[in-house]
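Engineer: Take this note's numbering: the last position of the sequence shown gets the number 1117, and nothing is skipped along the way.
It is worth saying that the hints were derived from the structure and are not from the lab.
Bear in mind that the values here come from a model prediction, so they are computed numbers and not experimental data.
Any given hint might turn out to be false.
What the hints assert, rightly or not - Computed cross-link-like contacts, DMTMM-like style, restricted to lysine to aspartate or glutamate with a CA-CA straight-line distance of at most 20 Å: (1) K847 - E859; (2) K958 - D906; (3) K847 - D906; (4) K1115 - D1100.
To be verified - Derived Cβ-Cβ restraints for the label pairs, each shown as a range: (5) T1008 - E851: 30 to 38 Å; (6) S931 - E851: 34 to 42 Å; (7) A856 - A787: 48 to 56 Å; (8) S872 - P1091: 39 to 47 Å.
Using N, Cα and C, we set each Cβ at its ideal position, and we do this for glycine too.
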Amino acid sequence: MSHAAAKINLSFFMFTANLQPGDQRAASHWIRHIKTMLDVGYTGFDLPIAPVQTYDHEAEIDDYKRLKESFNKAGLEHVRFTTNVATTRSFDPTSPYAEQRREALNYLTSRVRITGLLDGDQGDTIMAGPFLFPYNQFPTLDSGDPLWSDRLQDWLVPRYANAVPVFAELADFAAKYGVKLAIEPVDHWETPAPNTVSDVLDFTSRLESSQTGATFDTAHIVLGSTGPDIFRDNVRTATEQQRLHYVHISPPDRGAVKGSWIPWDVILPEIAPVYAGPYLVEVFNAVPPFVNLMRLTRRRFWIPGQDPPVSSVLSAYDVARDGIVILREQIAKYS
783 MSHAAAKINL
793 SFFMFTANLQ
803 PGDQRAASHW
813 IRHIKTMLDV
823 GYTGFDLPIA
833 PVQTYDHEAE
843 IDDYKRLKES
853 FNKAGLEHVR
863 FTTNVATTRS
873 FDPTSPYAEQ
883 RREALNYLTS
893 RVRITGLLDG
903 DQGDTIMAGP
913 FLFPYNQFPT
923 LDSGDPLWSD
933 RLQDWLVPRY
943 ANAVPVFAEL
953 ADFAAKYGVK
963 LAIEPVDHWE
973 TPAPNTVSDV
983 LDFTSRLESS
993 QTGATFDTAH
1003 IVLGSTGPDI
1013 FRDNVRTATE
1023 QQRLHYVHIS
1033 PPDRGAVKGS
1043 WIPWDVILPE
1053 IAPVYAGPYL
1063 VEVFNAVPPF
1073 VNLMRLTRRR
1083 FWIPGQDPPV
1093 SSVLSAYDVA
1103 RDGIVILREQ
1113 IAKYS
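Generate coordinates for the entire structure from the input sequences, incorporating the hints supplied.
Structural biologist: Dropping the structure here:
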């Protein structure tokens, strides 16, 4: 089975971590970027759905409806979109408190609805990201001492169990909207769990529906996994269970794909023959809040139409253009 013509999306983390869906001026920027990147060859886009500390999710959904209307008026009604979502301390599906888990489910179902409407309710789209445990929220004892190693792993056991019924209900809801749930494991220095694809697959094995699966991100595979043998086993397991939902192509430094340390010869021979796409080129530009959150030291890839040109630095468009060229070459090589 050849997947050399697999669809390739671009992450909007190249431009922003917050779409500001109620801001028409911001929408004009996003429309310009989308049109330019379509001309480059990208077939879809992964949009960040920024967490907002509100329980009025209907108002949020209305804002995204207006953003989608702006896209449609600009002739982008058939462009495919996936989303990136994270849970928070307030919206925690692993919480020991039933009411907080209920609010987390409300939050996550709102994100499923936003994902569906942005994609035009075409079905077969993806909501990905670290939306199992609250992102970047590390547990501590009452004394303030952090939990690590064995104590952390023991703490996680009931938390995973708490999340099972939440995700069972979420999966049923997402299926109605044609949205696959792709939980993304994130490195241990960013979040307490899940840190590996194995962690995600252990959790999803408790769910009957394959609507919930895993995101395979090359950066996290390189930085946080336990080696190529486990990686190959993860691919086999996820494929057999129909839980290989999304593949993110991202360098370990989260920068440009061209010339990066992505081990193509380890990852793509396993992925390319069994995964038809979409692939996601994911570059974290030095935009808020990534500068502080990820301690980015490299210079910003300047964004055409938003930043003044910097002659000695690549633009975001240059980095995106190089990324899709390299990825296409690598997929063709291993399909």
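Engineer: Can the restraint linking K958 and D906 be considered satisfied, given a maximum Cα separation of 20 Å?
Structural biologist: This hinted pair holds, its Cα atoms lying about 11 Å apart.
Engineer: Against the range 30 to 38 Å, how does the distance between the Cβ atoms of T1008 and E851 compare: consistent or not?
Structural biologist: 46 Å, violated
Engineer: Regarding the pair K847 and E859, is the alpha-carbon distance no greater than 20 Å?
Structural biologist: 12 Å, holds
Engineer: Take the C-alpha atoms of K1115 and D1100, compute the straight-line distance between them, and say whether it is at most 20 Å.
Structural biologist: 23 Å, violated
Engineer: Tell me if the straight-line CA distance from K847 to D906 falls inside 20 Å.
Structural biologist: 19 Å, holds
Engineer: Taking the CB of S872 and the CB of P1091, does the distance hold inside 39 to 47 Å?
Structural biologist: 40 Å, holds
Engineer: Quick check on a hinted range of 48 to 56 Å for A856 and A787, using CB atoms only.
Structural biologist: 26 Å, violated
Engineer: For the hint 34 to 42 Å, verify it against the beta carbon of S931 and that of E851.
Structural biologist: The hinted range 34 to 42 Å is violated for S931 and E851, with Cβ atoms some 50 Å apart.
The structure fails to meet hints 4, 5, 6, 7 from the earlier list, while all remaining hints are met.
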